[in-house]
Amino acid sequence: MTASGTFGYGEEFGSLVNLHRLGAIIAKGISLLPRQGNPPPRIAETACGMLNAIGLENVGLERFFSEKLSFLRGIDTPLIVNILGDTIEDYQQLAKRLNDEEKVAAVEVNISCPNVKQGGVAFGTDPDMAHAVTKAVCQHFSRPVIVKLSPNVTDITLVARAVEEAGADGLSLINTVLGMAIDIESCRPKLANTFGGLSGPAIKPIALRMVWQVAGSVSIPIIGIGGITTPEDAIEFLLAGATAIQVGTANFINPQATEEIIQGIGTYLEKNGIASVEDLIGKARRV
Amino acid sequence: MQVYKELAEIIRREQVAEDIYRLTVKAPDIAAASKPGQFVMVRTGEGLDPLLRRPFSVHQVAEGGMVQILFKVIGKGTQALANMEVGRKLDVLGPIGRGFTIADDSQHFLVGGGIGIAPLFFLARRILKKSEAFSIRVLLGARTKDEIAALADDFKGMGLVVDTITEDGSLGKQGLVTDLMADLQQEKPVMIYGCGPYPMLRAVAKTCRENSWGCQVSLETMMACGLAACLGCAVLRADMKGYVHACKDGPVFDADDVAWL
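Protein sequence lines, in the order shown, are assigned to chains C and R.
Be aware that the first sequence starts at 1, since it is given in this note's numbering, and climbs by one per residue.
Be aware that the second sequence starts at 1, since it is given in this note's numbering, and climbs by one per residue.
Read the hints as simulated data drawn from the structure, not as lab findings.
Just so it is clear, CB atoms sit at the ideal spot from N, CA and C, and this is done for glycine as well.
Careful: at least some of the hints might be erroneous.
Unchecked claim - Simulated coverage check for chain R against chain C, where a stretch passes if three residues somewhere in it have a Cβ under 8 Å from a Cβ of chain C:
id : region
1  : 43–56
2  : 99–110
As the list claims (entries may be wrong) - Pulled a few chain C residues facing chain R out of the computed Cβ check, cut under 7 Å:
id : residue
3  : Thr-6
4  : Phe-7
5  : Gly-8
6  : Pro-40
7  : Ile-43
8  : Ala-47
9  : Met-50
10 : Ile-54
11 : Val-59
12 : Glu-62
13 : Phe-65
14 : Pro-201
15 : Pro-205
16 : Phe-252
Claimed, not checked - To give a feel for the contact side, a few chain R residues facing chain C, derived at Cβ under 8 Å:
id : residue
17 : Gln-2
18 : Lys-5
19 : Ser-212
20 : Met-222
21 : Gly-242
22 : Tyr-243
23 : Val-244
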């Protein structure tokens with residue numbers, strides 16, 4: 001799958017990627033109303049990674065329906081829509097509206113973006129809030145509800161368990177890790193927002209550890225995300241207990257990364273005489 | 001928008017001036033589709049550091065599917081590119097973005113600052129295709145002679161009139177490129193095509209507004225993908241009510257469409 005916010009609404013990659021081959025496309029997070037996002041500079045490169053503080057710029061629910069959905073309807077690949085809000089009511093309304101659209105196979109509830117001042121991350125760091133948001137979405141959306149977790153917590157398993165208990169069908173983790181960079185010439189933070197979310201290969205070990213921990217404490221499926229760039233990275237996440245994976249920042253560097261990872265996992269299975277990818281899930285956990 | 005990904009062999013590497021390099025790569029699809037002002041995203045190596053592609057405007061296209069980029073070494077990525085051997089393959093995505101629109105029946109002024117002049121060569125060739133050489137004039141500014149002397153000669157080699165100005169007076173007059181715009185003679189509608197550092201472009205845009213001249217500027221921003229996915233390359237709109245994006249709506253903008261901060 002292609003991670004939310006790294007693959008636009010699919011159309012952007014249409015001339016470079018065979019979209020039909022992907023496991024799912026996760027659309028850029030949408031809110032009820034359009035959002036402008038943060039002032040630039042919004043991104044900064046760091047060692048083997050990048051910081052972003054886009055600020056959830058998006059076209060909003062109405063324009064998602066009128067401008068983005070028709071292209072996605074033309075593709076066989078399942079569409080998962082990432083949703084975000086400031087209040088529980090925002091999430092409810094988004095869920096309700098998307099429930100009526102058959103093309104939307106699942107929603108991914110974003111309770112973990114570190115780049116907005118209200119809502120977002122507050123839901124993701126407090127187990128009770130995370131529980132309440134999840135429950136509200138589940139009541140209004142009849143197909144799978146996936147909740148995307150923040151790594152910016154002391155114990156991610158607490159939020160994971162709260163969300164499972166509230167009825168989530170799956171978890172995706174991790175979102176970006178809060179960080180910053182400073183320009184030593186201007187002596188100012190590199191991002192206008194000061195802080196941003198770190199992504200890319202630099203965060204892979206953190207993500208893998210969290211997937212391992214969460215896989216040991218919930219029984220719903222986990223989608224692993226965090227710095228996955230190669231088939232080998234993806235296989236590590238499966239071995240740690242993820243049922244599926246998302247490719248994020250790697251899409252920026254190599255638009256064909258997700259396709260190549262799908263192919264590479266197949267090659268690995270063949271080479272090692274493994275019948276099904278399911279045999280890999282959690283294999284590293286078994287003694 | 002059709003974007004191509006090509007593994008482009010490096011055919012030629014030239015050091016144009018201290019820290020300034022020109023790479024010629026073979027990328028037939030990109031060469032055929034490129035328009036002046038559009039750019040390419042180049043991977044600077046196979047490793048993960050530096051991680052992101054680097055944007056470069058198309059400097060020129062040439063026979064045989066050749067694409068050229070012209071760049072100054074400013075960091076790890078550009079240093080790696082400057083060290084690339086002929087024969088190696090570069091991973092190039094392009095052409096990307098909205099380029100310059102060549103105005104009809106105008107006096108064309110190509111206004112460049114420092115390494116920002118890179119896309120103006122391609123633009124000059126395309127204007128020459130539909131217009132006479134006398135209707136084009138090139139105004140180049142830089143801090144010092146070394147940054148632009150060789151490139152100014154390249155423009156002269158195309159038969160164009162080139163005015164240069166440097167902050168230290170080592171080439172042409174002493175001053176800023178906007179000083180050259182002060183004594184610009186108007187016979188036909190004027191279209192300014194600007195490319196260079198932000199403060200220069202802001203000054204160029206202001207001069208154009210005061211004189212009611214057309215003005216298109218190529219803006220540089222930080223960006224990760226070039227594919228309108230990362231939304232990193234935000235540029236504040238003139239009405240200050242939202243952002244446009246350099247990779248999709250630009251990198252060339254009408255100077256009146258963006259806010260000058």
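Against the structure, the hints come out as follows:
Coverage of the region 43–56 of chain R by chain C holds in this model, with 7 residues showing a Cβ closer than 8 Å to a Cβ of that chain against a need of three. Against chain C, the region 99–110 of chain R contributes 0 residues with a C-beta closer than 8 Å to a partner C-beta. That does not satisfy the three-residue criterion, and the hint is violated. Interface restraint check for C/Thr-6: the shortest CB-CB distance to chain R comes to about 6 Å, inside 7 Å, so the restraint holds. Here the hint on C/Phe-7 is kept, as its CB sits about 6 Å from the closest CB of chain R, short of 7 Å.
Annotation: interface hint on C/Gly-8 holds; nearest CB of chain R at approximately 4 Å, less than 7 Å. At its closest, the beta carbon of C/Pro-40 sits 5 Å from a beta carbon of chain R; the interface hint therefore holds under the 7 Å criterion. Interface restraint check: C/Ile-43 against chain R, minimum CB-CB distance 4 Å, threshold 7 Å, status holds. With its C-beta approaching chain R no nearer than about 6 Å, C/Ala-47 sits inside the 7 Å limit, and its interface hint holds.
A least Cβ separation of about 6 Å between C/Met-50 and chain R falls short of the 7 Å threshold, and the interface hint therefore holds. Taken as an interface hint, C/Ile-54 checks out: its beta carbon lies about 5 Å from the nearest beta carbon of chain R, inside 7 Å. The criterion of a C-beta within 7 Å of any C-beta in chain R is not met by C/Val-59, whose closest approach is roughly 11 Å, and the hint is violated. Interface restraint check for C/Glu-62: the shortest CB-CB distance to chain R comes to about 16 Å, outside 7 Å, so the restraint is violated.
The closest approach between the C-beta of C/Phe-65 and any C-beta of chain R is roughly 19 Å, which is over the 7 Å cut-off, so the hint fails. Taken as an interface hint, C/Pro-201 checks out: its beta carbon lies about 5 Å from the nearest beta carbon of chain R, inside 7 Å. With 7 Å as the threshold, the beta carbon of C/Pro-205 stays out of range of chain R, its nearest partner Cβ sitting at about 13 Å, so the hint is violated. The beta carbon of C/Phe-252 is positioned within 7 Å of a beta carbon in chain R (closest approach about 4 Å), and the interface hint is therefore held.
Nearest Cβ of chain C to the Cβ of R/Gln-2: about 5 Å, under the 8 Å cut. The hint holds. Below 8 Å, beta-carbon pairs count as interface contacts, and R/Lys-5 has one with chain C at about 6 Å; its hint therefore holds. Taken as an interface hint, R/Ser-212 does not check out: its beta carbon lies about 29 Å from the nearest beta carbon of chain C, beyond 8 Å. Annotation: R/Met-222 was flagged as interfacial toward chain C, and the flag holds, the nearest CB pair being 5 Å apart, inside 8 Å.
For the restraint placing R/Gly-242 at the interface with chain C, the shortest Cβ-Cβ distance is roughly 5 Å, inside the 8 Å limit, so the hint holds. Because the beta carbon of R/Tyr-243 sits about 6 Å from the nearest beta carbon in chain C, less than 8 Å, this interface hint is met. Of the supplied interface hints, the one on R/Val-244 is violated, with its beta-carbon coming no nearer than about 11 Å to a beta-carbon of chain C, more than 8 Å.
The structure shown violates the earlier hints numbered 2, 11, 12, 13, 15, 19 and 23.
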